[in-house]
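Asks: As a plain string of letters, each chain reads:
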Amino acid sequence: GESVGLHLPTLSVQEGDNSIINCAYSNSASDYFIWYKQESGKGPQFIIDIRSNMDKRQGQRVTVLLNKTVKHLSLQIAATQPGDSAVYFCAEGRGDTGGGNKLTFGTGTQLKVEL
Amino acid sequence: DSGVTQTPKHLITATGQRVTLRCSPRSGDLSVYWYQQSLDQGLQFLIQYYNGEERAKGNILERFSAQQFPDLHSELNLSSLELGDSALYFCASSVLGGGAGELFFGEGSRLTVL
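From first to last, the protein sequence lines stand for chains A and B.
With the first letter of the first sequence counted as 1, position 44 gets the number 752 in the working numbering; the numbers rise by one all the way through.
With the first letter of the second sequence counted as 1, position 80 gets the number 82 in the working numbering; the numbers rise by one all the way through.
Hints should not be assumed to be uniformly reliable.
Between beta-carbon pairs, the in silico distance windows are [said to hold, decoys possible]:
| no. | chain 1 | residue 1 | chain 2 | residue 2 | range |
| --- | --- | --- | --- | --- | --- |
| 1 | A | LEU823 | B | SER67 | 45 to 51 Å |
| 2 | B | SER82 | A | ALA786 | 46 to 52 Å |
| 3 | B | LEU98 | A | ASN735 | 20 to 26 Å |
| 4 | A | THR718 | B | LEU116 | 40 to 46 Å |
| 5 | A | GLN766 | B | SER82 | 46 to 52 Å |
| 6 | A | ARG765 | B | SER67 | 36 to 42 Å |
| 7 | B | SER40 | A | ASP739 | 25 to 31 Å |
| 8 | B | GLY86 | A | GLN722 | 35 to 41 Å |
| 9 | A | MET762 | B | VAL97 | 20 to 26 Å |
| 10 | B | LEU85 | A | ALA732 | 43 to 49 Å |
| 11 | A | PRO790 | B | LEU85 | 35 to 41 Å |
| 12 | B | PHE71 | A | GLY749 | 23 to 29 Å |
| 13 | B | GLN69 | A | GLN753 | 25 to 31 Å |
| 14 | B | ARG24 | A | GLY767 | 42 to 48 Å |
Calculated cross-link-like contacts (lysine-lysine; reagent style BS3-like; alpha-carbon spacing at most 25 Å) [unchecked claim]:
| no. | chain 1 | residue 1 | chain 2 | residue 2 |
| --- | --- | --- | --- | --- |
| 15 | A | LYS764 | A | LYS779 |
| 16 | B | LYS11 | A | LYS750 |
| 17 | A | LYS776 | A | LYS764 |
| 18 | A | LYS779 | B | LYS11 |
| 19 | A | LYS779 | A | LYS750 |
| 20 | A | LYS776 | A | LYS820 |
Just so you know, these hints were derived from the structure itself, not from any lab.
Note that CB positions come from ideal geometry on N, CA and C, so glycine has one too.
Hey, can you work out the whole structure from these sequences and the hints?
Replies: Okay, structure coming up:
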C-alpha cells in the first residue's frame with residue numbers, strides 16, 4: 709500500500725546551521741508533496757509544497773527538493789532558528805476526479821535547534 | 003491562528019461511550035478534512051467533505067461517522083469508544099476540494115478514552 713516514511717526520527721542542529729530533513733515515499737502516482745511543521749500542542753502548519761513535475765521549489769528560508777528517480781523528498785531550512793524546533797511531516801497527495809484530496813503523512817521528524 | 007476552530011479541546015470519556023467533535027472551517031473554505039493523530043500511527047486521514055458531500059475516505063472505522071452541514075461546519079461522531087481511540091483528532095479545511103492546496107489545520111481535539 710501507500711507509505712511515506714522518514715529516515716530519521718530526531719535531528720539536532722546548531723542555531724544558524726542549515727537543516728536537512730529527508731523523506732522517502734513509495735507511491736509514484738502522487739501529484740504533489742507537502743511539508744508541514746507541527747509545534748507542540750498545535751496543529752500542523754503548511755510550510756511548502758511541490759508538484760510532482762518539479763524537482764525544486766524555494767520559499768522563505770526553505771527549499772524542497774524532489775527526486776522522483778529514488779522517490780526521495782527533502783526539506784532544507786537555511787540558518788535554522790530556535791523557532792524552527794518542531795516536528796516536520798512530509799505528506800504526499802493525490803487529487804481525484806471526484807474532487808477528493810487525500811494526504812498521506814509520514815511519521816515525522818523532530819527537529820531540535822541547539823543554542 | 004489558522005482560522006479553523008475545533009471543539010472541545012479536551013475530552014475524557016469511558017469505553018463504550020459516544021462523542022461528537024465539532025469543526026468550523028476557515029471562512030470561505032468549502033472542504034473539511036478529519037485526521038487522527040496517535041503516537042503509533044502518526045497522522046491518519048479519515049474523511050473529507052466538500053460543500054456538504056463526502057469526497058474522499060481514508061482509514062475511518064465503521065464506528066466513526068462524519069457530516070458537513072449547510073453552514074459548512076462539520077462533526078465527527080465516534081461511537082462504541084475503545085481505549086485505542088484515544089488520540090488527537092484534527093480538522094483541516096481548504097478552499098478547493100481536489101488537487102494540491104494548502105490545508106489549514108485546527109489545534110485539535112484531544113480524546114482520552116479510559
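Asks: Next, verify each hint and record whether it holds.
Replies: To see whether the hints hold, each was checked on the structure:
1. Hint check: LEU823/A to SER67/B, Cβ distance near 47 Å, so the stated range 45 to 51 Å holds.
2. Range check, SER82/B to ALA786/A: about 49 Å between beta-carbon atoms, so the 46 to 52 Å window is met.
3. Separated by about 21 Å at the C-beta atoms, LEU98/B and ASN735/A satisfy the suggested range of 20 to 26 Å.
4. A beta carbon spacing of about 31 Å between THR718/A and LEU116/B contradicts the range 40 to 46 Å that was offered as a hint.
5. Judged by the Cβ atoms, the range 46 to 52 Å given for GLN766/A and SER82/B holds: they are separated by roughly 48 Å.
6. Judged by the Cβ atoms, the range 36 to 42 Å given for ARG765/A and SER67/B holds: they are separated by roughly 38 Å.
7. In this structure, SER40/B and ASP739/A meet the distance hint of 25 to 31 Å, their C-beta atoms being roughly 27 Å apart.
8. The supplied range of 35 to 41 Å is met by GLY86/B and GLN722/A, whose beta-carbon atoms lie about 39 Å from each other.
9. A C-beta distance of roughly 21 Å is found between MET762/A and VAL97/B, which places it inside the suggested range of 20 to 26 Å.
10. Between LEU85/B and ALA732/A, the C-beta spacing of about 32 Å breaks the proposed range 43 to 49 Å.
11. Restraint check, PRO790/A to LEU85/B: a C-beta distance of roughly 37 Å satisfies the suggested window 35 to 41 Å.
12. Range check, PHE71/B to GLY749/A: Cβ separation about 28 Å, and the 23 to 29 Å hint holds.
13. Distance hint for GLN69/B and GLN753/A: a CB-CB separation of about 27 Å, consistent with the stated range 25 to 31 Å.
14. Between ARG24/B and GLY767/A the CB atoms are about 33 Å apart, so this pair departs from the stated range of 42 to 48 Å.
15. Among the hinted pairs, LYS764/A with LYS779/A is consistent with the structure: their alpha-carbon atoms are about 14 Å apart, no more than 25 Å.
16. As the CA atoms of LYS11/B and LYS750/A are separated by approximately 11 Å, the hinted pair is consistent with the 25 Å bound.
17. Of the supplied pair hints, the one linking LYS776/A and LYS764/A holds, its CA atoms being roughly 11 Å apart against a limit of 25 Å.
18. Note on LYS779/A and LYS11/B: the hinted pairing is violated, with a Cα-Cα distance of about 37 Å set against a maximum of 25 Å.
19. For the hint linking LYS779/A to LYS750/A, the alpha-carbon distance of about 29 Å lies beyond 25 Å, and the restraint is violated.
20. For the proposed pair LYS776/A and LYS820/A, the alpha carbon gap of about 28 Å is over 25 Å, so the pair is violated.
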